[in-house]
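A.B. asks: Just so you know, the sequences run in chain order A and B. When you line the first sequence up against this note's numbering, it's residues 20 to 322, in that order. When you line the second sequence up against this note's numbering, it's residues 17 to 309, in that order.
Since the hints were made in silico from the structure, they are not lab data. Treat the hints with care, as some may be off.
Claimed, not checked - Below, a list of computed lysine to any residue pairs in the SDA-like style, where the Cα atoms sit at most 25 Å apart:
(1) A:266 to B:270
(2) A:315 to B:107
(3) B:24 to A:65
(4) B:114 to A:277
(5) A:277 to A:90
(6) A:315 to B:24
(7) B:166 to A:80
(8) A:230 to B:24
(9) B:123 to A:65
(10) A:230 to B:28
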Amino acid sequence: MRMLMRDTTMEDIALARATARRQARSRWIAHALLALGVLIFAFPIWITVVGSTHDVSTIGRGEVPLWFGGEGVANYVSAWLRGGSSLRTTGAVPAWLMLWNSLNMAVLIAVGKIAISLLSAYAVVFFAFPGRMVCFWLIFITLMLPVEVRIIPTFEVMVNLGLINSMAGLVVPLVASATATLLFRQFFLTIPDEYVEAAKIDGAGPLRFFKDVVLPLSVTNIAALFVILFIYGWNQYLWPLLIVSDKDLETVVVGMTKMIGTGDQQNEWNIIMATAVLAMLPPVLVVILMQRWFVKGLTETEK
Amino acid sequence: MRKKVIFKGVALPYLLLLPQLIITGIFFFWPAGQAIYGSFLREDAFGLSREFVGFENFADILADPNYLNAVSNTVIFSSAVAFSALGVALFLAVQADKAIRGADFYKTMLIWPYAIAPAIAAVLWLFLFHPQIGLFGRFLNGIGIPWDYKLNGGQAMLMVIIAAAWKQVSYNFIFFLAGLQSIPRSVLEAAAIDGARPARRFWTVIFPLLAPTSFFLLVVNLVYAFFDTFGTIHALTRGGPGQSTTTLIYKVYVDGVENLNFGASAAQSVILMALVIALTAIQFRFIERKVHY
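With the rest of the complex left out, here is chain A (with noise of 0.2 Å):
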């Protein structure tokens, strides 16, 4: 603004010159600097990608191959059917099954959660009932209890319910879930009230309003929380650590740990490093390939 009141000199030319070169080398330092930062980010996916394409001695012997050696298809089909494992331990899981018990974990806990929170938040925002307050801050306090400050207790109930071991157990303890609630809630008290006046005068009742109405607006929220839980579902650890042991039920973030075991020299380390990249494989492609939603979901769920 301050060049605009009085003549531009030669003095301000050269100054305008040299603040667009500092300007330029500044980004261009940027540039260098943000490639580095991603190619340090990236460094430990490389060396284990890489090592699982090497055989199992090459790994042993500490040689820590750089490039891609010629084991990756045998190594990849062995983890897949067979398994890997630590030494002390027999009996691999193979990752195939692993992978599978991943996958139904994650997918249930996500839809199990978008489902009973989109119920919960309609009531609350929809209906005036006597105790509706009580409802929404009972909700809302499970925030604070995470699993780690209830571990022994909720064991019992598991047990007492008989649900260790199972699919159910795995799941169905984790589907509550205030976020989603608070987040659908925050999203229904902005859908007009016009829209509930033009179905009551159509003579359309709150479950024909939720189907026809509500749900079709919450699309893009819901997918941007499916991104969100499905990611929180598939990495797990405590939980299934807690409830289950039977071999069928193991899911791949925590198998893929006990195989490791205490990290023995003798380990099916290219094995362990396929499988590695298995388990991470699908979240991650989850949020390269639905970045926009996976964005969204983040920056929401934390209003």
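Guided by the hints, dock chain B onto chain A, whose structure is given.
C.D. replies: Same frame as chain A, but now just chain B:
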């Protein structure tokens, strides 16, 4: 806040709320109540009877050097994870905000670690720092620095901090970048025209504008470091060597699940509950204020 136009009916809304309320009742409130109740009880040596002991469980764990060690581990671990994850993320976000052209590309390349489970992140770093098969582990040993995180407590702590922070950077990066991009360009240009150099501009103009985001992220990062890093520690060090990476969460698990020490575990749960409640309260109080901005 409520709607003016609503549906009539009492039975239906209760029915809609029922699934959520049943699950929270059975799996959240009942166990939480049991934990609080149990923290005042003690089991005899054979696990046959439980008697009321008042605050003795609390007094015992607070006097237990192992517990105090877990407290100090948690403080070191959580602050190191939070500050390094925030620092690196802020640095990268500032660069990405400058490199306007490629910001979206870098965003894609930096956010995927969010999707990786804490335990898997730990395993990836194990592949690098394993003393016999890891690139860095072997390198360090090769140049004469004895490196074995399975024997050296300080090295073990460093490992879990790196693995935990690495994963959290992407989350912070997304929020910092969004925060930076929401700062009006005119504010920055004004500062530039007034002759403020880039570094000065950052600390006097940009950083204060980012303060609400940073504070919010600090709380989120602390919650993450306290509660979501069980997998990192379990996969990498099992709380060891000795108890050098045993944090409060890890200790609750060990005492309750492995040592079956009912009263001590319940008392620890109650302390952690108070901690989560405090952190959640801070988080929501702050968000309410952000709304009024």
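A.B. asks: Now, for every hint given, state plainly whether the structure supports it.
C.D. replies: Do the hints match the structure? See the list:
no. : hint           : verdict
1   : A:266 to B:270 : holds (22 Å)
2   : A:315 to B:107 : holds (23 Å)
3   : B:24 to A:65   : violated (59 Å)
4   : B:114 to A:277 : violated (44 Å)
5   : A:277 to A:90  : holds (23 Å)
6   : A:315 to B:24  : violated (34 Å)
7   : B:166 to A:80  : holds (19 Å)
8   : A:230 to B:24  : holds (17 Å)
9   : B:123 to A:65  : holds (19 Å)
10  : A:230 to B:28  : holds (15 Å)
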